[in-house]
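Just so you know, the protein sequences line up as chains A and B, in that order.
Take the first sequence: its letter number 29 is residue 29 in this note's numbering, and every next letter is one higher.
Take the second sequence: its letter number 159 is residue 159 in this note's numbering, and every next letter is one higher.
No lab work stands behind these hints: they were computed from the structure.
Just so it is clear, the structure is predicted and the values come from calculations on it, not from any experiment.
Watch out, some of these pointers could steer you wrong.
Stated by the list, open to error - Here are some of the chain A residues that sit facing chain B, going by a computed Cβ distance under 8 Å:
| hint | residue |
| --- | --- |
| 1 | Gly25 |
| 2 | Pro73 |
| 3 | Glu95 |
All residues carry an ideal CB built from backbone N, CA and C; glycine is no exception.
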Amino acid sequence: MDAQQLKGHLDLLLLATLEHGSRYGGQIVTDVQTATDGYFNLREGTLYPALHRLEKAGWIAGEFQLLPRGGSPVKMYTLTPGGREELKAQRARYERFNTAVRGIIGENA
Amino acid sequence: MSGVERYLKQATRGLSGQARRDAQSELRGAIEDKIWRSTLLGMDHGDATRTALRDLGSPYAIASGLTQVHTLPKAALGTVLAGLACLLGVQALAGVPVVQAAPDPTQTAPLLCMFNEAAFRTMSAAQAKPLRWALTQPGGRARLEADCWFRTARPVNNYLRFTDVLAAFTAGGLTVRAMPGTVGLLMLRVPGQDGELEFNVREGIKVIDGHAYLSAWTLLNTVRSKTTLPVQLTGDVNPVLDFGPAHIQLGTVNAPVRRADLLVGDVYALLSSSVLTATGDSSEFVWNQVPSAAETHRLMVQVPPGTLVVTVSNQQYVGEDPQPPFYLFRLQVADQGQVPVSFPNQRTVQPVTTLQAFVTATRQRQPALLVYRLDPSDLRTPKLAPAPASSLKLNP
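Produce the complete structure using the sequences and hints provided.
Pasting the structure below:
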């Protein structure tokens, strides 16, 4: 997977992963990998700065939670109402882009 | 300090106060989670820890990403960048493609190596106790600081005045178009290359003294990942960056930029991956580009003048230092076939030219120095080449 291609859609991927419930970093990496059959391999070096950026933008909110297995708490991220709006907008932008590209390259025969 | 704690410290370097404590807690939780999952699969704790840290990747990459998110005052940046479009026109007329440079103000050793109660409160009691005790000893603070500074890559002038960079692009015949409503996203048209390049340098921008500065690494990495043209950096001090018709001098007499400091990240990437492949070991590499007062040896190496020489020392592996070991490397320009190296307390040091010989020496606790040349002829694909083995000699 081209890292630049991933970078361009990282925010959308992260917001979409949180759409159906709270997740912490490790779960997000696994979810994205599973949902895309390993096509996207998120590096945590990119993930945590990106999550912090989305949190600063007010689109997601982080909260430390203890897990049943014990040990140190993990930071659980939840989509905020503002984040839901942003996800809708980014999704629409992506769809427009996708349709435009498809118009040029055509459908897969 | 355990490997995990050292990793956390490095990965959050540049943050302070609550932001640092939170980021450390988050990463600690993430690491423990990975370790726990691996031990569930039958891996022993030591292997699981090493695997977890390797998966997380370079702590410096995390630190750099987090620092940019947390130390960039958004409002200030907006104000600083607001006038860029007008500045572009004005500076293009002046047409002087010289770029002023400055060090990253958050990376100075005095800020990172603070041993005081505020810092101790961010640690666990077990970590803070020996440090508090060490401070009560004669010369204790100086020793702690010296050790911390030694492990800290010193700040160099690797931030470039953003308006200067843009003016230099324009002066070189590139067309720069800022994308409205974005910060640090530009479209560049480069003569000789088809189409417009998306030049996204948002992550590398910092406000220093009220001006926007761009990390020279971000500039270099963005240019070489985007262009199909060869990218060259020529000259040891205040080097000239060339790609297409762009011809940009980085640095000035008052705040010089050294080419070796800009390419040291490439060496890190090349070395850490080759050592991982050779040993399967998640050894840590620390670079220190600032000459130390304790340079004890001179390495003689027969290379053409101006050759960039990489030296990797295993002194932290073979010494009696109780700290967790790491490899220390430096990238320097050979001056009359010599580069200075530091190997305190060692009379006999073996210079070697293969990774295998270096690993063997380290396992036998023999002081060794691994020597490479860096071939920067096209920075899209920098390469390490062996140094001519027969010419290597270390003089005390």
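Which hint numbers doesn't this structure obey?
-> 3
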